[in-house]
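With our numbering as the guide, the letters of the sequence shown map in order to residues 60 to 177.
No incorrect hints appear here.
Here are the computed distance ranges between Cβ atoms for each label pair:
1) 72 x 134: 30 to 36 Å
2) 123 x 162: 27 to 33 Å
3) 68 x 106: 17 to 23 Å
4) 162 x 125: 28 to 34 Å
None of these hints come from the bench; they were simulated from the model. In this text, a Cβ means the ideal position worked out from N, Cα and C, and glycines have one as well.
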Amino acid sequence: VQLQASGGGLVQAGGSLRLSCVVPRSITSTFSPMDMAWHRQAPGKERELVAGIDSSRRTVYADSVKGRFTISRDNSRKTVYLSMNNLEPEDTGVYYCYARLPSGAEVWGQGTLVTVSS
Numbered sequence: 060v061q062l063q064a065s066g067g068g069l070v071q072a073g074g075s076l077r078l079s080c081v082v083p084r085s086i087t088s089t090f091s092p093m094d095m096a097w098h099r100q101a102p103g104k105e106r107e108l109v110a111g112i113d114s115s116r117r118t119v120y121a122d123s124v125k126g127r128f129t130i131s132r133d134n135s136r137k138t139v140y141l142s143m144n145n146l147e148p149e150d151t152g153v154y155y156c157y158a159r160l161p162s163g164a165e166v167w168g169q170g171t172l173v174t175v176s177s
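All chains should be modelled from the sequences, with the hints used to inform the complete structure.
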């Protein structure tokens with residue numbers, strides 16, 4: 060079972076996208092204690108952390124996206140979002156949703172492709 064990520068697409072530089080990731084009930088019925096994050100993998104590069112949000116809504120961002128990306132969560136919808144503004148070609152990659160349960164178990168989404176054209 061995977062997390063359900065969506066919202067990727069093709070956008071011009073300077074544009075915006077919002078990614079969504081839903082945690083299915085088959086993974087857990089209790090979303091609020093989970094730590095969530097978005098990672099990305101650009102062509103030919105290793106996967107990297109883009110942004111994270113914990114159960115207390117504390118956030119962390121990669122330096123390259125600070126001031127442009129915002130991670131948020133809606134516990135009632137079991138959903139985490141990544142709002143991406145002022146996109147750059149360097150933001151191109153497959154974006155993966157990640158969740159860590161209170162047990163320590165980790166779950167990944169299937170990835171959603173973001174392509175930013177110059």
